[in-house]
Amino acid sequence: MGLIWTLILHYSISLPMWEGDDSENQANGNNTTPKQRLMNWIHRLVPDLPINNFTNDWTSGKAIGALVDGVAPGLCPDWPMWDPKDAVQNATEAMGLADDWLDVRQLIRPEEMVNPNIDEQSMMTYLSQYPNAKLKQGAPLRPKTNPNRVRAYGPGIEPTGPVVGAPANFTVETFSAGKGTVDVAVVNPNGNSEKVDCRFNNDKNLTYSCSYVPKIEGPHKVYVKFCGRDIPKSPYEVLVDCQAGDPSKVTASGPGIQPDGVTVNKQTYFEISTKDAGKGVPEVIILDPANHKTSVAAKLRQLAQNQYRCEYTANQVGLHSVNVFYNGQQIKNSPFGVRVAPVCDPKKVRASGRGLQPVGVRVNDEDCTFRIYTEGAGEGIPEVKVFGPGGVIPEYSIRKVDGTTYEAQYIPLKEGRYKILVLFGGVEIPKSPFEVKVGPQKHTSIVAYGPGLKSGMVGNPASFVVETNGETGNLGFSIAGPSQAEIECHDNGDGSALVKYHPTAPGEYAVHILCDNEDIPKSPYIAHILPKVDDFHPELVKVFGPGIEKNGSVITNKPTEFTVDASKAGDAPLEVKINDVFANTIQHKFMKNSDGTKKVMYTAPTADPVTVEVNYGGVAIPGSPFRVNVSTPLDPSKVQFFGPWLESGNRPNAATHFNVDARNAGNGLLEVNLVHEETKQKVPVRIIDNDDNTYAVEVIPPLAGTYTTNLVYGGLKVPIAPKVTVNPAVDVSKIKVDGLEPSVIMNAPTDFMVDMSKVGDDVDKSKLSCNIFDPRGNEIPSKLVPSDNSDIFRIMYTPFEAGRHTIDLLYDNVPVPGSPFVVNVKSGCDPTRCRAYGPGLEHALTDQSATFTVETRGAGAGGLSLAIEGPSEAKMSCTDNRDGSCDVEYVPTEPGEYDITIRFAEKHIPGSPFKVIVNESTRPEKVKVYGPGIEPGQVYEGLPAEFYIDCGQAGPGAVAVKLTSSDGSPIKVHVEDKGDGVYAVSYSPPKEGSVLTAKVRFADQDVSCSPFVMTVQPAPADASPFKVYGDAATKKNLPASLPAKFQIDAPKKGTPGSTGAKEDINVSIKGPDGKSLVPKMEQVEDGTYAVTFVPDECGPYNVSIKCGGKDVVGSPFLLQAIPTGEAEKVKLLEAIPTNQEYGKKNHVAVDAREAGTGAVTCKIVSHSEAGDVDLEVIEKDGFFDIFYTLKDPGDYDLDIKFGGQHIPNGTFTIKVD
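When we follow my numbering, the leftmost residue of the sequence shown carries the number 770, and every step to the right adds one.
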């Protein structure tokens, strides 16, 4: 048998097995064996499987399936999904297909094929049939499919989540699985099938949207098959719950449901939150602009519990409807309208123009335009949003200029800050939003025109003309653009200027024309500067002819011309513009000359200068624009003359003048002949030529009388020869002007005085006139106010513009000496022009109003501030008098030195700060009178009576006391000064029953309750002759914490009533808490007794003084201790420990240097004992040391005060161990 197999094998595989096989091997010089040739061929056809032999590499059956599909693609496409465990089945299917459609006979059985012990030669003989196998017609070829590459996702196949009655949705994606069909089946717990909706979305991922509605709760199985075979994880086990959630509590957010921002063919997303919504599954259906449900596939996946994300990609531009369902119902705000924009790149869009300039735009400006350039930015339409101040949205429009350019316009109606948003594809472009500050509407005579305001070319100057037309102010220019541009400005000397700037880079330039640092209307101008080109040369264009000559023969209403030669300048458009001084266009026409040049003709309508622009290719040629002065035909009848000489009021030997205007009379020479009619004397005149066909003629008439003024212009006599009468002179030299400052402040009222007292009695004061003119020649209001002296006048005015002002002060049309006066008005303010005066800046009294006046006339605009500093707070009030002054009133409450600061525009005015001495005012109502000597029932016959007058709070003043009896006789009183404003008044009462009247006056005024009326009582049998004086008898209010003193005057030994011993005097003092204080009593040299005690608490103290067991006169005394000093400024130098040892000496240090008048007092009370703890307080230089010893264990309360008040952190409890 071995010989037979060898022959068969050699015969079968020694022949060429495929076309080119022999030639290939021969060319390579290979002498491979038939076995090697067959193995190499199989490797080329089946590269995906490791086949290296003809025995055990074929045992799974997949190798023969791969070989069949390799020979006839599509005949056995499912071999990759075969299970190696089904080896015989696999081989049977593959070998059967090869036998039926490739004519490959089954020389071996499938069981032998998968047997690893198969004879190698038998296998090779079977396999050698494949290289020459041909596929028959009608073979069942199928596309290659792979169910393992099918993906399914969505809440409908999640283990939990679906609920009864609510749609359960999921998606099947077949993009990588090949062509095939998807079959879905859902089986409920009862084994019955649920209806399933499965639709193909026809999208790029080849997805299917599947949905089913479970009807019963419990475990369900979801079968997903592709080409009849289960996909991975199929069947899915899903536990359906019975309770549906609440769709109203489901929320959705994210860019995918925003109205704008979604781009076509670009994936977007949004998230769905089902927190607190209950059980359920969200579903998303997206409708395209045509309301198709399947064109946009919504991919829904769960991110976390109660959190889902939906992703989708819109493939159409337009409005889409995103519908979000929960348990079959729309959630809140669903459906969401989403505008899908085309693909675009907003970063490539740019916008520019005058309407986007930060400054220059004004209210009602009609040229608020800008352009939007979208070239290279893709598909899309720009959007513009304009927001004005206060949220106002002005009207605006946008139009398409060409395929990639749009122009927008808006008209601001209110000044303020505007924001302009420019969007492309719903996204803001670079530099958006643009901020534009819109200024107030403004009118001006200044105009600008010229090519440099619109266009230009790099390397060539861009020029334009500015006409002021008589308007004054500081002109300025600035250029903003891609490069710095040097600016040149040439003053034409006729109220106009030629401006040139030199751009060095192409692009858009903003040309700002400023007057007093503000853009004029229509500024800024937008000029488009082009790159330099070589195909035309504006600098080679030549222009000549009378029509461009500065002082040529251009005459009003007479045609003129000039020639333009561009023969050497290359090919470019020629542009000619002719403007008058108001920027109006003057018509012109072209004529082509035979030599290729062009003639330009025009006619100047007025004698005002014209400006001729010649531009070539949008660029000004050298010398352009040309300024051309225009003259009129000689016509002396059009000569005009006017001025003071031609009016009434001329005086002999007084200089005067008149003006001649010959601008409309043509060019000529002026002659003036002035003749006195009576004497026929010719009067010399001085003619001043203003170089613009206007003249000033100065005249000094030598005599009174009539003069004839003859004018000759250009050799021709002016038809009118006016006659002028000169009246005898009035001596105006005696009129004096005072207070006229050479410079004043703008917007500040100012004045000056005119003194006519020395002019004479026959002077008519109504002939005095004053005219004030601003820099533009406009008269400003002035007011002439007579003073108390009828010969002196005050002239008031307020300048509203900075610059040179002139004041014409005339009497009977004759200028007073120095007129016209020149006043320079400055902007800003000058505090040195303010003045303050009045008694309140010199002296004041406490509790009385003090006044002064502040004048700011002539000081300009600024804020006035006033402040007062001194011993007390003094409130100030200010009254505006509406005439540049204000009256100020203040009331000081304490005497001393006060500083009054007056500032204008944050600067001191002259004299500020003012030092004012405030003295104590006299206040009789503050005088207190007390004591038994004025008390009813306390005055006794035969006993000396005494009372006290306390003037300590009443200010300066003298005390006067008058005491009379009812019988009309005066009673002698003795007044003694006790110090500190306290006076003791003593007297001897008359007989019993007398009615006494005491009148007490202070500073010549009755004090409160005066007069006092007392009835003399009979002398008591037990009255003590002792006297008490000092704090106890003279003061009702004592400063707490400071020692209080009083004296007891006892009768000398041997006199009636004498006790003879200190022990017979008893002083008892009780404090506010009812506890007794131990006073200190000592006998002094004069025999009296000095008693002192310290009222450490604020409140009433009862002082009882008895001698020999009897109360002295006035006892008991009631004293009041009041707070003193500033206890809040007292500091403990160290913390006091709350736990201390008994028997140990302790120390507390207190700093009271900043607390003012007063002393430190301390009290330590034991919780277990009624008495206070002994302690010692020592003071030195404002520091107080407190020494004490706590002898027994227990709790103690420590209380430290200053001036009768608690200090910070001065009260606490100490525990003693």
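None of these hints come from the bench; they were simulated from the model. Be aware that one or more of the hints could be misleading.
List time: in silico DSS-like cross-link candidates among lysine-lysine, alpha-carbon distance up to 30 Å [to be verified]:
1) K1839 x K1879
2) K854 x K994
3) K1337 x K1361
4) K1879 x K1900
5) K1183 x K1269
6) K1368 x K1358
A quick look at each hint next to the structure:
Distance check on the hinted pair: K1839 and K1879 sit about 18 Å apart at the alpha-carbon level, within 30 Å; holds. Our distance criterion of 30 Å between C-alpha atoms is met by K854 and K994, whose separation comes to about 22 Å. This hinted pair checks out: K1337 and K1361 have alpha carbons roughly 16 Å apart, not beyond 30 Å. For a cut-off of 30 Å, the pair hint linking K1879 to K1900 is broken: about 47 Å separates their Cα positions.
For the proposed pair K1183 and K1269, the alpha carbon gap of about 34 Å is over 30 Å, so the pair is violated. For the given pair, K1368 sits about 8 Å from K1358 by alpha-carbon distance, which is consistent with the 30 Å threshold.
The structure does not agree with the numbered hints 4 and 5 stated previously, though it agrees with the rest.
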